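Chain B: place on chain A using the hints.
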Amino acid sequence: MQDFINIGKRIPKMDAEEKVTGKAIYIHDLKIPGMLYGKILYSPHPHARILNIDTTKAETLPGVKAVLTGYNIPTIKFGFYKDNVPLKANKVCSFRDEVAAVAATDPDIAQEALELIKVEYEILPAVFDPEEAMMAGAPLIHEEHVGGKEKKPTNILNLPWRLVSGDVEEARKTSAFVAEDRFKVTWVTHCCLGTSGCVAQFDLKNNLTVYSITQIPSLAQRDYTDALAAMGLQGKKARVIKTMIGGGFGSKLDTYAFEYIAILLAHRTRKPVKIVFSREEEFFATSPRQPAVIDISQGCTKDGRLTFRDIRMILDNGAYTSWGATTPSVMMMPISSLYKVPNVRYVAKCIYTNNTYSQAMRGYGNPQATFAIDSQIDILAEMAGIDPLDFRMRNANTPGEVTPQNFKINTCGLRECIDAVAQKLDWRQNRGRRDGKGLGMASMIHVGGGARVYKSDGCGTIIKIDDFGTVNVITGATDMGQGAETVIAQIVAEALGVRVEDVVVTHTDTDICPWDVGAHASRTTFVAGNSALGAAKKIKHILLEVAAQSMGESPESLDIRDRVIFSKKDPEKKTPLGKALRAAHYTSGGKMIMAEHFYDPANENLDREFKGNLSVTYAYGTHGVEVEVDKETGQVKILKYVAAHDVGRAINPMLLEGQVYGGATMGIGYALTERLILKDGKVMNPNFLDYKMLTSKDVPNIEPLVIETNDQFGPFGAKGIGEPGSVPTAPAIANAIYDAVGVRIRDLPITPEKVLAALQEKKK
Amino acid sequence: MKQMIKFILNGEPVELEIEPHLTLLQLLRDKLELTGTKEGCGMGECGACTVLLDGRTVNSCIFPALEVEGKKVMTIEGLTDAQGNLHPIQKAFVEYGAIQCGFCTPGMVLSAKALLDESPKPTEEEIRHGIAGNLCRCTGYLQIIQAIKAVSEQ
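Heads up: the sequence lines are chains A and B, in that order.
Under our numbering, the residue at position 409 of the first sequence is numbered 409, and the numbers go up by one with no gaps.
Under our numbering, the residue at position 59 of the second sequence is numbered 59, and the numbers go up by one with no gaps.
Looking at chain A on its own, in the form it has when it is part of the complex (with noise of 0.2 Å):
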């Protein structure tokens, strides 16, 4: 174990003073000179034709500063399929689609104007079901979106997803067993506790500034200029500057109507404008997790090993596009990945509907995947007369490994994540009691070393050091919460030889931080991290070189430690840092020591059949859990709860358990209490106490289990650990219940009266 002063350190996030006493500025608390509020209307229809808006009284209404409709503005298209606008004209095809957009100088007044605008619907026939909507004579949700190989118009995407490896039906028909089964998961959301917002703001020559709560302003920055351009408004600036962002979770990966809509009011008006959601318009017109229906079959030979596995999925779009359709790319990782399968089938389909329209959400549609795959691993298990501990044991991966969609498996301590788990929950005493206790497990794997799912997967990071030796590190890296800024000043301290607090992290401006992809993908520490430790190296080298001349000493033979640059062969002969640096700056022709590294990790995009090694290293783990069912109630107590995660290196173990901690209730809730409840494409329960996420009463006490591989690749050996606690969360809760009660739920979540109907289900 090397001797390490900032890395592996329980170090508090740099910002939290701020935050605990209140000074931290969020994006609700931001207020400009002059500022408008925005307010929006949205449609009261799933589906209807506009037949006319009447704005008239809203414009008069004192205080009111415009009125923008889809009649009144320039076309921007937005979204992963470009088939979204930020108001709608002809048709609104969603309860969330925005109609009009009102400025007033006080909220109170834009939301009365909102009131006083007349629409005029013809109603449509709707479509709910995604399986419906596939059908001939289904209600076309974009007419004009046309697809086959007859470009007739449809409501199937035209997003081919398809992965084959192998030979899928030779396989099934070679297995000793196979289990064939359809589970299904529906609307989650992130239930950030602070609500959406921006404020957007031109200057006198038109060019932009959005603050914003994104959790990719480099990618957004590229969105806003595109809308500039087709404001007419081409060569224009935009700039992001992002607040302290209140919960993200993949929430803000995409941009969205409302930011459009603040961009157009700001410039009609000639003001700044802030548009903030309530918590309502939060839960209606944000984008959750994107549901499915699985059709799975896995088989196994005699002795329990894997033979293939075979996916069929369907995803309801809803309405319009953004990331969620792009979330079976993910999915393709645990089905291709999860467990050594030699053969391997996937094919999915997304279907517009009438439904809100989805996004990405903590896994990237990793947790529907790996409910479905690691829920019938213990199916399959069974059948094989097999305990599923010693079934994921013989299919667990390994290190070296290359998998049928081509990744290289770096390090992987799947094996010693199972092998932890079974330990703390005394697995082979515990398990198979069925008196209403039971234990069970599920596994994951996720991108740990980047994901290039972008043409680039890289970040920048400069770094430059004043006279006194503080450590300015400007980085292109996202914090919204889950602390990147900490975790980035320790590699920087570590490989300079400073301490944490000498280190100031800037990464909130555009104008003033090189480029990074975003925070997706469990990505920051290991590609922001290792774009980091590079630009550390470089100036470490530069500033060697300065000593050096006035040390009389050869680069090499000096090295920095607790903020003193000293001689390796005669430690005795130091000078402390400062010193150093001012001696630099200030003798004739000075120097300023600076230093930019871009770190773009040597992963691959997936080729044309999806496959290619997406993550230069793989994040595994595995969670364990005990549950008590209530018989009588359907109630599912968990009693234990494991959560053992390959995380490469702990670069600090407070805030990795933070997000072990966080993702694993997350999870729990997808489990066993959240659920988006659409009525006919309404959001029925858009309030905390009818979505149930998790309180300090109803999480049970999760037990981090730390495996450290240490990759080659990751910053001091790290790899991601953002998204892999909310993973394997929901099939480890499903299997537990099986052995606890034996009942099989196969649909999300896993609610008393499910448990209960199954429980007399199996009575008769």
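These aren't lab readings, by the way, just hints derived from the structure by calculation.
Think about it this way: if two alpha-carbon atoms lie no more than 20 Å apart in a straight line, the pair counts; the simulated DMTMM-like pairs of lysine to aspartate or glutamate are:
| id | chain 1 | residue 1 | chain 2 | residue 2 |
| --- | --- | --- | --- | --- |
| 1 | B | Lys-91 | A | Glu-18 |
| 2 | B | Lys-149 | A | Glu-703 |
| 3 | A | Lys-23 | B | Glu-33 |
Label pairs and their in silico Cβ distance ranges:
| id | chain 1 | residue 1 | chain 2 | residue 2 | range |
| --- | --- | --- | --- | --- | --- |
| 4 | A | Met-35 | B | Lys-2 | 22 to 28 Å |
| 5 | B | His-129 | A | Asp-466 | 48 to 54 Å |
| 6 | A | Glu-280 | B | Glu-19 | 21 to 27 Å |
| 7 | A | Lys-464 | B | Lys-31 | 40 to 46 Å |
| 8 | B | Glu-19 | A | Asn-72 | 30 to 36 Å |
| 9 | A | Lys-184 | B | Asp-81 | 51 to 57 Å |
Small disclaimer: the values here were computed from a predicted structure and weren't measured.
Virtual Cβ for every residue (Gly too), placed ideally from N, Cα, C.
Leaving out everything else, chain B in the frame of chain A:
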């Protein structure tokens, strides 16, 4: 018609005219510019807007501002001492990793204060009960519970 109210805010007397429909949260955030108190839902369901009224927690987003007449209000801005030193609860939140995005933190800290003022040595069950009205999406609550426990053991 505006109405006059007088109350004690973070130890200092306050006297001002307000619109009678204002909530306590609007008074604090919009009129007095104390933005440390957060609005998470506006419906009294998430606890982000928690402040102390005569030492007890209230959801300021659904509490009429006029009803603080003659009472003592403490917001997160009043918890640090005059020199800006953190209160022991705040220190523990920082040191135990009880803060991620931080949006729930001011309300959570004040709920913890009300709990510890009333019951300085709470059991884990009592801690969980004491903060049950404060939702947090980032932490899974466990490091918050650890932090409060640590303060109670000091």
